[in-house]
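Asker: I would like the entire structure built from these sequences, with the hints used as guidance.
For the sequence shown, the positions run -13 to 231 when this note's numbering is used.
Don't take every hint at face value.
As the list claims (entries may be wrong) - Taking CB as the label site, the calculated pair distances span:
1) G64 - G131: 27 to 33 Å
2) M213 - N76: 22 to 28 Å
3) D89 - E59: 38 to 44 Å
4) R222 - W13: 33 to 39 Å
5) G198 - F227: 18 to 24 Å
6) Q54 - N178: 30 to 36 Å
7) I225 - S145: 33 to 39 Å
As the list claims (entries may be wrong) - Each computed BS3-like pair below joins lysine-lysine, with the alpha-carbon atoms no more than 27 Å apart:
8) K18 - K28
9) K152 - K108
10) K78 - K14
11) K78 - K223
12) K143 - K14
13) K55 - K108
14) K38 - K152
15) K28 - K152
16) K143 - K108
17) K28 - K92
18) K38 - K14
19) K108 - K92
20) K38 - K28
21) K38 - K55
22) K223 - K92
23) K152 - K18
24) K28 - K14
25) K108 - K14
26) K55 - K92
27) K92 - K143
28) K78 - K92
29) K223 - K55
30) K92 - K14
31) K38 - K78
32) K18 - K38
33) K223 - K152
Worth flagging that the hints you see were computed from the coordinates, not collected in a lab. All C-beta atoms, glycine included, are put in the ideal place defined by N, C-alpha and C.
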Amino acid sequence: MSVYTGEGMSWAERAEPMMEKTCIILWKNLNKVPAAVMSEIKQEWPFLFSQKCLFSHFNLLMDVDVLQKLQEEISRRGQTILDYCATLDNPKIRDVLACYDPDSDKAACILLLLMLYFREPKESLMLEVDSCATAVGVNTAELPGTPCLIIQGDMMKPSGWLISIKGHVVMGPHPLFLHGVAAFFSSYYVFNLEYPTAGSSTLEFIQRCFLGINPERGSKTKKRTTMNPHVSTLLRKLIDFEWAS
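Answerer: In structure tokens, the structure reads:
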């Protein structure tokens, strides 16, 4: 904490080895009952809320480089998802695709398409704010208790992102939307949080299709012990679509 007070988040890269050495203490702190208050975690472990240390901690937990894997899979599978969605008779999906152009963010478009495909409300995972919104300003809004990816500006061409957890902004604003998706997804595992029911299919698709996290049993969704059938169906349809193409 004293280092953070003196150096701020600029010291996060140098703090990463220290965070790795103390990960057992951190895990115990994050998983204690009753759960620690988020403001207390941020005060005791401030560097955990940097992208560098959050991604590093996710890697220690899951053995997956979350940002690199997302970048690779969006590049490898993103166009297939866009092309498959273009074949669907869904007016809302068609509207999103009509707004997609070379300057749009592919990851943002894919995230919107997945939520529409699974019929999950965008508000279950994301919130759009003004492009000039600050963390202080966003904190005055009514934020969900579950992690929320807060988008600055146009959803298809976001200028930046923030993340709130348990009703308070804990990261951002930062540029690069896919980094925001990586941080948002990582927060469920690092802070031991369940997927919200209303956005669980989209999150499980990211988990299984993009990140290759496929436990034999269990899920971050409450009370589920098997794979989400909606996710399984879409994965199968995408494979069939690739073969047919």
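Asker: Against each hint, give a clear statement of whether it holds in the structure.
Answerer: Against the structure, the hints:
no.	hint	in the structure
1	G64 - G131: 27 to 33 Å	31 Å, holds
2	M213 - N76: 22 to 28 Å	23 Å, holds
3	D89 - E59: 38 to 44 Å	22 Å, violated
4	R222 - W13: 33 to 39 Å	36 Å, holds
5	G198 - F227: 18 to 24 Å	20 Å, holds
6	Q54 - N178: 30 to 36 Å	23 Å, violated
7	I225 - S145: 33 to 39 Å	35 Å, holds
8	K18 - K28	15 Å, holds
9	K152 - K108	18 Å, holds
10	K78 - K14	44 Å, violated
11	K78 - K223	20 Å, holds
12	K143 - K14	39 Å, violated
13	K55 - K108	24 Å, holds
14	K38 - K152	22 Å, holds
15	K28 - K152	12 Å, holds
16	K143 - K108	16 Å, holds
17	K28 - K92	32 Å, violated
18	K38 - K14	21 Å, holds
19	K108 - K92	17 Å, holds
20	K38 - K28	15 Å, holds
21	K38 - K55	15 Å, holds
22	K223 - K92	20 Å, holds
23	K152 - K18	17 Å, holds
24	K28 - K14	15 Å, holds
25	K108 - K14	33 Å, violated
26	K55 - K92	15 Å, holds
27	K92 - K143	9 Å, holds
28	K78 - K92	17 Å, holds
29	K223 - K55	22 Å, holds
30	K92 - K14	37 Å, violated
31	K38 - K78	36 Å, violated
32	K18 - K38	24 Å, holds
33	K223 - K152	35 Å, violated
In summary, the structure is inconsistent with hints 3, 6, 10, 12, 17, 25, 30, 31, 33 from the numbered list given earlier, while agreeing with the others.
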